[in-house]
Structure formats: structure tokens, C-alpha cells
Amino acid sequence: MGLRETIWAEPLVESLHVLTLTLFLGFSVFLDLRLLGVTMQRKRASEVLAQFNPWLFAGFAIMIITGVFLFCGDPVSFYATSFFKIKMILLVLACINVLVFNRTVGRRIADWDLAAKTPTAAKVAAVLSLVLWIAIIGAGRAIAYVLPPP
Amino acid sequence: MTGLAMLLKEFCTWCSNSFFGHGVRDSVWLFPSIEIIHLVGLGVLGGTVLIINMRLLGIRFRDEAVSDLARELQPWMKGSLIIMLISGFLLFASEAEKLYGNWAFRAKMISLALAILFTFTYYRKVTLSEEDKLTPLGNWTAALVSFVLWTGVGLAGRAIGYV
Chain A
-8 MGLRETIWAE
2 PLVESLHVLT
12 LTLFLGFSVF
22 LDLRLLGVTM
32 QRKRASEVLA
42 QFNPWLFAGF
52 AIMIITGVFL
62 FCGDPVSFYA
72 TSFFKIKMIL
82 LVLACINVLV
92 FNRTVGRRIA
102 DWDLAAKTPT
112 AAKVAAVLSL
122 VLWIAIIGAG
132 RAIAYVLPPP
Chain B
728 MTGLAMLLKE
738 FCTWCSNSFF
748 GHGVRDSVWL
758 FPSIEIIHLV
768 GLGVLGGTVL
778 IINMRLLGIR
788 FRDEAVSDLA
798 RELQPWMKGS
808 LIIMLISGFL
818 LFASEAEKLY
828 GNWAFRAKMI
838 SLALAILFTF
848 TYYRKVTLSE
858 EDKLTPLGNW
868 TAALVSFVLW
878 TGVGLAGRAI
888 GYV
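Respectively, the protein sequence lines represent chains A and B.
So the first sequence is numbered by my numbering: it starts at -8 and just counts up by one.
So the second sequence is numbered by my numbering: it starts at 728 and just counts up by one.
Hints were generated in silico from the structure; no laboratory data involved.
These figures come from a predicted structure and were not determined experimentally.
Warning: the hint list may mix true and false statements.
[Stated by the list, open to error] Here are the in silico distance ranges between beta carbons for each label pair:
1. 790/B to 3/A: 36 to 44 Å
2. 851/B to 56/A: 32 to 40 Å
3. 731/B to 108/A: 30 to 38 Å
4. 94/A to 750/B: 46 to 54 Å
5. 136/A to 857/B: 44 to 52 Å
6. 105/A to 741/B: 48 to 56 Å
7. 849/B to 136/A: 23 to 31 Å
8. 759/B to 65/A: 48 to 56 Å
9. 864/B to 2/A: 58 to 66 Å
10. 76/A to 857/B: 51 to 59 Å
11. 66/A to 805/B: 40 to 48 Å
Glycine residues also receive a C-beta, built at the ideal position from the N, C-alpha and C atoms.
Sequences are here, hints too, so could you generate the full structure?
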């Protein structure tokens, strides 16, 4: 009910979900690129992380909330598609990647803040993050093909 | 039909019948794959615009000069814009004849032209200015107009599929 029965709710929530990519994916990509030493090398890694963090959280929250709304519009069909399950597994992996980073190399960020080369562990986390988020976008897009909008 | 409309319609027909229009249309995987590239480009382009706008508004990276941040992010902005334009063009070509009459697509192209024009004129001038030449009004104008125009492109783009 609700989402399924109005004409505007679904497109609006979906647009918000897609356009929040600019905030969430955009900021994640630039954090990852900083960790890889590709951009913003003159800024401390901890500074970039601190500046991005509140907005990453906000973007993630909007993604989850709008995502849950979209899911609730037709939970049975969503769950029936394998791409939805793949997306959820990838999402859990991406979160684990963040948690592992925060508890290991991210905790010692002050030690390598301005180092010419960021530690390999940080680069691995960055590459994993890029690959996982792009795969999540792919799986998300694929859901729409299996499950065309009403 | 006016001359311009006829020219545009002919261009759409040509795109649709071209090898890339056919290629993307006839392949099962090409369209979704290009769409994913288009979306990743959206994230990067939108990310650069948001970061620079947040700096203009004094929300983020206040310790750094606007022009330093803008110069650093400019290659990413241009690169992602080019990727979006190419991937977008390929997606368009595969269904060009259908899109010709789609009002959301037209709205998107008009907003896109305005957004690009604004980005490479006023916005560029402000973001590359020396710090002492910046005014709060100029910063706010640059940030808000670019945000509204790019959001317009995104929303109209989303609407294409629903029209």
C-alpha cells in the first residue's frame, strides 16, 4: 500500500535515491582517491576523512531510508530477484570494509596522514570500497530490469 | 515543422540508425552497462560540484582557498562530465527517435546546456578567483545556481523513463 498506490511517491523516492549518489558515492570516491594518493595529496588524510564523514553518514542514511521505502513498495518481488540479494550481500561487505578500516589502519591515520605513500592496507580498503560500490550500483540497476517500475 | 525541429528530428533518426544506435539497441548487456558508467559518472561529477559548492558556502574545507580546491577537483569534474556526455549520448542514440518527442528529455537537454554554460563561465570565474576577490554574494550565486541547474538535469533525467 502507500507507495504502490500513489503515482508520485515512487518516482520521487527513486529520484532521491539515485541523486543522493552524488553525495554518497561522490564523497566516497574522493575519500578513496585520497587514500590511493590520486588526488588532494596535500591535504591530510584525516582532514579529508573528517570533512567528508558527516556528509557520508547523511548520504548513507538517505540511501538506506529511501531504499527501504522502495523495497517496502513491493517486498516480495524485490526479494525474489537474485540481484536484490546480491546487492544486500555487497552492501554488508562494503560496511564490513569500513568497519575493518576504522579498527585497523584507519585508527593509526595520524601516523600516515601526510605520508607520500599511504599504507597498502589503506589502499586495499579504498580499492575494495570503489569496486564494491560500483558493483552495488550495477546490482541496483539490474533490479530495475528484472522488476520494471509499475 | 520549423527548420530547427526538422533538423533535430533528422539528427535523431540518423543517430538511431547509426551503427552505435543499432549496436546499443540490439545488445542485451550494452545498455545497462553504459547506464552503470553513466551513474558512476553522476556520482563523481555530482561529488565534485557538491564539494566545491560546500566550500563556496563555507560549509566544508574552510581552511583552504576556493581556487586551490577547485583547481584540484577540476580535472575530475571535466573528466566525469566527458564520461557522462559520451555514455549519455550512446544511451540516447539507442532510442533517439523515441526521445525526440519526450518532454523530460528536452527539459534535460535544456538544463544541461544551461548548466554547462554556467559552469564554464560565471562558476569558473568565481571558483578560480583569488580569495580577496571573492564576495559572499558571488559565492552564494555560483553555488546555488549550479546546484539548481545540475539538480534540474538529474530530475529531468529521472523523469525520462516515466514519461
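Structure-based check of each hint:
no. : hint                       : verdict
1   : 790/B to 3/A: 36 to 44 Å   : holds, 37 Å
2   : 851/B to 56/A: 32 to 40 Å  : holds, 35 Å
3   : 731/B to 108/A: 30 to 38 Å : violated, 55 Å
4   : 94/A to 750/B: 46 to 54 Å  : holds, 47 Å
5   : 136/A to 857/B: 44 to 52 Å : holds, 50 Å
6   : 105/A to 741/B: 48 to 56 Å : holds, 54 Å
7   : 849/B to 136/A: 23 to 31 Å : violated, 40 Å
8   : 759/B to 65/A: 48 to 56 Å  : violated, 20 Å
9   : 864/B to 2/A: 58 to 66 Å   : violated, 35 Å
10  : 76/A to 857/B: 51 to 59 Å  : holds, 53 Å
11  : 66/A to 805/B: 40 to 48 Å  : holds, 42 Å
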